[in-house]
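Novice: Below, each chain spelled out in residue letters.
Number of protein chains: 2
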Amino acid sequence: MEHQTHLGDGGAGDGTPGTVRPGGRTAKVRAAVLAATEDALADAGFHALNMDHIAVSAGVGKTTVYRRWGSPVGLVADLLRDMADRSLPASDTGSLAGDLRANAALVRHTLTDPRMGAVFRAVIAAAACDEECAAALHGFYEARLEEWAPVVERAAARGEVPAATDGLELLRAVSAPLYYRFMVTREPLAAEDAERAVAAALAAAGAGVFTRR
Amino acid sequence: MEHQTHLGDGGAGDGTPGTVRPGGRTAKVRAAVLAATEDALADAGFHALNMDHIAVSAGVGKTTVYRRWGSPVGLVADLLRDMADRSLPASDTGSLAGDLRANAALVRHTLTDPRMGAVFRAVIAAAACDEECAAALHGFYEARLEEWAPVVERAAARGEVPAATDGLELLRAVSAPLYYRFMVTREPLAAEDAERAVAAALAAAGAGVFTRR
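Listed in order, the protein sequences are those of chains A and B.
Position 203, counted from 1, in the first sequence is what numbering that gives the first Met the number 0 calls 202; the numbers after and before it change by one each time, with no gaps.
Position 103, counted from 1, in the second sequence is what numbering that gives the first Met the number 0 calls 102; the numbers after and before it change by one each time, with no gaps.
Note that these hints are calculated values from the structure, not bench results.
Don't take every hint at face value.
Unchecked claim - Cβ pair distances, simulated, as ranges:
id, chain 1, residue 1, chain 2, residue 2, range
1, A, 69, B, 207, 46 to 56 Å
2, A, 210, B, 156, 54 to 64 Å
3, B, 49, A, 146, 38 to 48 Å
4, B, 194, A, 194, 23 to 33 Å
Unchecked claim - If you want a taste of the chain B side facing chain A, the calculated C-beta under 8 Å gives, among others:
id, residue
5, 22
6, 24
7, 46
8, 48
9, 116
10, 120
11, 140
12, 142
13, 174
14, 175
15, 178
16, 179
17, 195
18, 198
19, 199
Even for Gly, the Cβ is constructed at its ideal location relative to N, Cα and C.
Can you make the complete structure from the sequences, with help from the hints?
Specialist: In structure tokens, the structure reads:
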């Protein structure tokens, strides 16, 4: 999020460390509040999210937190926007199999990380309880799938998959088995599960299952 | 659940309507309490589940509900056991594609049903917040996958998939894209999504992706 702070505006800051540029304070407040929100979600989940505690943890005035985010739902929705902004750029390993393996490994790494796994469980559960959270969660995955879609376009240009392959469907096919184990059947998520998800998606793509009609 | 009441014990009840057999009252209390739990989950989710309200809705004494189920988590865990018992038997259409289409259609039908979709969202969210719910959810899907595994064994015997195909992996591959849209990316779940999930799983199985090593 520090990254974002520095890119937050096109102003004429001189870049000296410690310089406060226009928008800098706002961005810092947001970074602190969203980090505190992430901590709270990882520790105790959505239903324990408390605006006053977030303000104290972030070292920010309660009035600011209430005025800017309004409610725990507002915090989760903004966290999901920030997570989409911070998500790593897509791989470009030179082959579709390599790129999809990198993608599956990243998903598995995130979901099996104690902190980020707990955050993802919390935001998915929050989305089950609240439509604004659901819309924000949808937006997060939409952004992430769009970010990775060029991987499939490049593969189609190289002739690795049929030209009319729907990249989003192929990418959903890689992620779905991992999230299914993580969130639904509650089964372990091993490296071989990520490999199998990639192999299955590639076989289906090769058979034309994801070709636009 | 009425079905279960009649099959609940192997005793010598004469089957006359209205006859109270050993276990009959206990089974009826359970049926009423679990139906009330399902209603409450569909209406307001796990965090609003209230033992006193469940007792009133079910027409059962509060003491009975507290003694037998202990907590909202106990209600959700028992509901998941009951849902596993009630789940429909696997199809046997004569072809793997037919059986998997029936399975995918059943999953889609359940998840897009306003009441049952809300119940599934609630129990999956509950599992994200509580380990006992997570274990019960895991047990529900384990039972359901086991119930459908013979579909793949029969297909292997007919030579439709490689002999060493792991039926559970193939079945997970059919369900995963549907749950991913339903619970994670919050995208619509159309008939073509169910068809695509089946086609992708069949292509991967044919390519040997789900073969045990």
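Novice: Given residue 179(B) as an interface hint, is its Cβ closer than 8 Å to any Cβ of chain A?
Specialist: holds, 4 Å
Novice: Holds or violated: is there a CB of chain A closer than 8 Å to the CB of residue 195(B)?
Specialist: holds, 6 Å
Novice: Double-check residue 178(B) for me: the hint is only fine if its C-beta lies closer than 8 Å to a C-beta in chain A.
Specialist: holds, 5 Å
Novice: Does the Cβ pair residue 49(B), residue 146(A) satisfy 38 to 48 Å?
Specialist: holds, 42 Å
Novice: May I ask you to test the interface hint for residue 142(B) with respect to chain A, counting a Cβ-Cβ separation under 8 Å as satisfied?
Specialist: violated, 11 Å
Novice: Min Cβ distance, residue 48(B) to chain A: is it shorter than 8 Å?
Specialist: violated, 12 Å
Novice: Within 46 to 56 Å: is that where the Cβ-Cβ distance between residue 69(A) and residue 207(B) falls?
Specialist: Given about 53 Å between the Cβ atoms, the range holds.
Novice: Mind checking the CB of residue 198(B) against every CB in chain A and telling me if the closest is under 8 Å?
Specialist: Because about 5 Å separates residue 198(B) from the closest Cβ in chain A, which is inside the 8 Å limit, the hint holds.
Novice: Going by Cβ atoms only, is residue 120(B) closer than 8 Å to chain A?
Specialist: Result: holds, 4 Å to nearest chain A Cβ.
Novice: Verify the interface restraint on residue 22(B): the C-beta must sit less than 8 Å from at least one C-beta of chain A.
Specialist: Hint violated; residue 22(B) Cβ to chain A Cβ min 31 Å, cut 8 Å.
Novice: Between residue 210(A) and residue 156(B), is the Cβ distance one that fits in 54 to 64 Å?
Specialist: violated, 32 Å
Novice: If you take the shortest Cβ to Cβ gap from residue 24(B) to chain A, is it below 8 Å?
Specialist: It is violated, given that the least Cβ distance between residue 24(B) and chain A is near 34 Å, above 8 Å.
Hints 2, 5, 6, 8, 9 and 12, counting from the list given before, are not met by this structure.
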